[in-house]
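Asker: Whole structure, please, built from the sequences with the hints as guidance.
There are 2 protein chains.
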Amino acid sequence: KKKSVSSQVIYGNRGMSLEQEINASNQYYLTHGIAVVHKKPIPVQIVDVNYPKRSAAVIKEAYFKTPSTTDYNGVYKGKYIDFEAKETKNKTSFPLKNFHEHQVQHMRACVAQGGICFTIIKFTQTQEIFLLPARVLFDYWQQQATGRKSIPKQAIIQAGYAIQYHINPTVPYLDAVDKFMATIQ
Amino acid sequence: KKKSVSSQVIYGNRGMSLEQEINASNQYYLTHGIAVVHKKPIPVQIVDVNYPKRSAAVIKEAYFKTPSTTDYNGVYKGKYIDFEAKETKNKTSFPLKNFHEHQVQHMRACVAQGGICFTIIKFTQTQEIFLLPARVLFDYWQQQATGRKSIPKQAIIQAGYAIQYHINPTVPYLDAVDKFMATIQ
Ligand SMILES: [Mg+2]
Ligand SMILES: [Mg+2]
Chain R
44 KKKSVSSQVI YGNRGMSLEQ EINASNQYYL THGIAVVHKK PIPVQIVDVN
94 YPKRSAAVIK EAYFKTPSTT DYNGVYKGKY IDFEAKETKN KTSFPLKNFH
144 EHQVQHMRAC VAQGGICFTI IKFTQTQEIF LLPARVLFDY WQQQATGRKS
194 IPKQAIIQAG YAIQYHINPT VPYLDAVDKF MATIQ
Chain C
44 KKKSVSSQVI YGNRGMSLEQ EINASNQYYL THGIAVVHKK PIPVQIVDVN
94 YPKRSAAVIK EAYFKTPSTT DYNGVYKGKY IDFEAKETKN KTSFPLKNFH
144 EHQVQHMRAC VAQGGICFTI IKFTQTQEIF LLPARVLFDY WQQQATGRKS
194 IPKQAIIQAG YAIQYHINPT VPYLDAVDKF MATIQ
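In order, the protein sequence lines correspond to chains R and C.
Here the numbering used here is used: the first sequence runs in plain steps of one and ends on residue 228.
Here the numbering used here is used: the second sequence runs in plain steps of one and ends on residue 228.
Hints may be right or wrong, so weigh each one.
[Claimed, not checked] Computed list of lysine-lysine pairs in PhoX-like fashion (alpha-carbon distance at most 25 Å, straight line):
(1) C/Lys82 <-> R/Lys108
(2) R/Lys83 <-> C/Lys120
(3) C/Lys129 <-> C/Lys192
(4) C/Lys96 <-> R/Lys108
(5) C/Lys82 <-> R/Lys129
(6) C/Lys83 <-> C/Lys120
(7) R/Lys108 <-> R/Lys82
(8) C/Lys103 <-> R/Lys83
(9) R/Lys82 <-> C/Lys103
(10) R/Lys120 <-> C/Lys120
(11) R/Lys108 <-> R/Lys134
(12) R/Lys83 <-> C/Lys96
(13) R/Lys82 <-> R/Lys120
(14) C/Lys82 <-> R/Lys120
(15) R/Lys82 <-> R/Lys140
(16) R/Lys103 <-> C/Lys83
(17) R/Lys192 <-> R/Lys132
(18) C/Lys82 <-> R/Lys103
(19) R/Lys140 <-> C/Lys96
(20) C/Lys82 <-> R/Lys83
(21) R/Lys108 <-> C/Lys103
(22) C/Lys120 <-> C/Lys82
(23) R/Lys129 <-> C/Lys83
(24) R/Lys222 <-> R/Lys129
(25) R/Lys96 <-> C/Lys120
(26) C/Lys108 <-> R/Lys83
(27) C/Lys129 <-> C/Lys83
(28) C/Lys140 <-> C/Lys129
(29) C/Lys96 <-> C/Lys134
(30) C/Lys83 <-> R/Lys82
If you are wondering where the hints come from, they were derived from the structure by calculation, not from laboratory data.
These figures come from a predicted structure and were not determined experimentally.
Answerer: Next up, the structure:
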């Protein structure tokens with residue numbers, strides 16, 4: 044039912060990662076009073092900190108921790124929204140190994156609470172971006188032990204919502220969220 | 044209209060900070076399917092990382108960044124909730140210097156989007172905890188240049204919601220959130 048956006052004229056800034064594009068879009072949404080969505084900081088375990096005189100504290104030893112949630116969450120039209128942003132160089136499918144079990148679990152818990160949960164997937168080869176509802180990811184996630192290890196791009200086109208690159212915000216994903224929310228209310 | 048909880052029998056674990064008590068309560072809410080609320084990681088600017096062979100990456104130089112949001116957010120009954128947890132040793136008031144301008148701005152933006160925003164304030168001397176709606180903080184914040192630099196405890200008792208220590212969850216703050224939500228719907 045939906046068309047691929049590969050014929051679109053406007054492309055993303057090819058030097059920017061999807062994450063940077065979304066961060067810039069979130070900044071636009073924030074300053075225009077449209078939504079409040081932030082990327083969560085990278086979780087680190089801090090082991091050693093120096094407090095030099097007359098200058099800022101320096102973390103001298105720390106380790107990356109596995110995140111227990113998705114990267115983005117916030118509020119839009121009173122609703123809780125929660126998502127992960129992922130890029131792939133693949134052309135015909137999106138590999139499930141891009142997700143961790145704990146992220147999928149987190150999304151399940153959020154959906155159970157009535158949150159609006161999804162993934163923003165970018166096919167970097169064609170600069171196509173889609174919002175994919177979390178429930179679709181759950182279906183593929185559940186069958187991966189015995190079935191395929193990726194989500195076919197055709198399924199993403201069918202069950203997802205294309206996001207067209209725009210001038211400002213660069214990735215107007217809330218347009219896709221509006222369409223998605225309309226189906227679950 | 045509300046009574047102080049200082050006469051309550053159950054006290055918090057005096058070795059635990061309010062943050063630890065809330066984190067434990069969030070874990071309870073999560074595992075019981077009641078709400079999904081997480082503390083955000085401390086934001087750090089990573090400058091130098093070592094990647095030793097056969098062991099985990101080590102962050103060798105990093106700096107603390109000023110958080111641009113509050114510490115906690117999540118979803119409860121489909122609603123976005125967002126709050127900051129603060130303790131004070133003061134007995135009769137809560138000093139406004141416990142907040143940063145950017146946190147108050149963030150709470151204003153969330154309220155404008157229909158989020159449920161508040162502060163959880165603990166008076167450590169008496170082990171009393173209150174949920175204080177963000178709008179009350181905004182009123183005091185706005186007058187502080189010319190007026191008082193703290194929120195009187197009496198105002199917190201009047202405009203806030205007492206949270207009674209409990210066995211599990213230790214700090215059942217969602218009971219107070221229910222009462223608060225009932226006033227804004
Ligand atoms: Mg991520
Ligand atoms: Mg804090």
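Asker: State for each hint whether it applies.
Answerer: Evaluated hints:
Restraint check for C/Lys82 and R/Lys108: satisfied, since their Cα atoms lie roughly 14 Å apart, inside the 25 Å limit. For the suggested pair R/Lys83 and C/Lys120, the alpha carbons sit about 22 Å apart, so the restraint of at most 25 Å is met. Between C/Lys129 and C/Lys192, the direct Cα distance comes to roughly 16 Å. Compliance with the 25 Å bound is thereby established for this hinted pair. A hinted pair counts as satisfied when its Cα atoms are at most 25 Å apart, and C/Lys96 with R/Lys108 qualifies at roughly 18 Å.
The hinted pair formed by C/Lys82 and R/Lys129 meets the criterion: a straight-line CA distance of about 23 Å does not exceed 25 Å. Between C/Lys83 and C/Lys120 the CA atoms are separated by roughly 20 Å; this keeps the pair inside 25 Å, and the hint holds. Restraint check for R/Lys108 and R/Lys82: the C-alpha separation of about 16 Å stays at or below 25 Å, so the hint holds. Only pairs whose Cα atoms come within 25 Å are accepted, and C/Lys103 paired with R/Lys83 is accepted, the gap being roughly 21 Å.
Pair hint R/Lys82 plus C/Lys103 holds up; C-alpha atoms about 23 Å apart against a cutoff of 25 Å. A C-alpha spacing of about 15 Å is found between R/Lys120 and C/Lys120, which places the hinted pair at or below 25 Å, so the restraint holds. Between R/Lys108 and R/Lys134, the direct Cα distance comes to roughly 31 Å. Violation of the 25 Å bound is thereby established for this hinted pair. Between R/Lys83 and C/Lys96 the alpha-carbon distance is near 29 Å, which puts this suggested pair outside the 25 Å criterion.
Straight-line distance between C-alpha atoms of R/Lys82 and R/Lys120 comes to about 18 Å, which keeps the hinted pair within the 25 Å bound. Simply put, C/Lys82 and R/Lys120 have alpha-carbon atoms about 23 Å apart, close enough for the 25 Å limit, and the pair holds. For the hint linking R/Lys82 to R/Lys140, the alpha-carbon distance of about 21 Å falls within 25 Å, and the restraint holds. With a CA separation close to 21 Å, the supplied pair R/Lys103 and C/Lys83 stays within the 25 Å bound.
The suggested pairing of R/Lys192 with R/Lys132 holds, with an alpha-carbon distance near 16 Å, which does not exceed 25 Å. About 23 Å separates the Cα atoms of C/Lys82 and R/Lys103, which keeps this hinted pair within 25 Å; it holds. A threshold of 25 Å between alpha carbons decides the hint, and for R/Lys140 with C/Lys96 the separation of about 23 Å falls inside it, so the pair holds. Between the alpha carbons of C/Lys82 and R/Lys83 the distance comes to roughly 10 Å, so the proposed pair stays at or under 25 Å and holds.
Of the supplied pair hints, the one linking R/Lys108 and C/Lys103 holds, its CA atoms being roughly 15 Å apart against a limit of 25 Å. Simply put, C/Lys120 and C/Lys82 have alpha-carbon atoms about 18 Å apart, close enough for the 25 Å limit, and the pair holds. The suggested pairing of R/Lys129 with C/Lys83 holds, with an alpha-carbon distance near 21 Å, which does not exceed 25 Å. Proximity of R/Lys222 to R/Lys129 is assessed by CA-CA distance (about 20 Å); at most 25 Å being required, the pair is judged to hold.
For the suggested pair R/Lys96 and C/Lys120, the alpha carbons sit about 48 Å apart, so the restraint of at most 25 Å is broken. Only pairs whose Cα atoms come within 25 Å are accepted, and C/Lys108 paired with R/Lys83 is accepted, the gap being roughly 13 Å. The straight-line distance between the Cα atoms of C/Lys129 and C/Lys83 is roughly 15 Å, inside the 25 Å bound, and the hint therefore holds. Only pairs whose Cα atoms come within 25 Å are accepted, and C/Lys140 paired with C/Lys129 is accepted, the gap being roughly 11 Å.
A threshold of 25 Å between alpha carbons decides the hint, and for C/Lys96 with C/Lys134 the separation of about 54 Å lies outside it, so the pair is violated. Between the alpha carbons of C/Lys83 and R/Lys82 the distance comes to roughly 10 Å, so the proposed pair stays at or under 25 Å and holds.
The structure shown violates the earlier hints numbered 11, 12, 25, 29.
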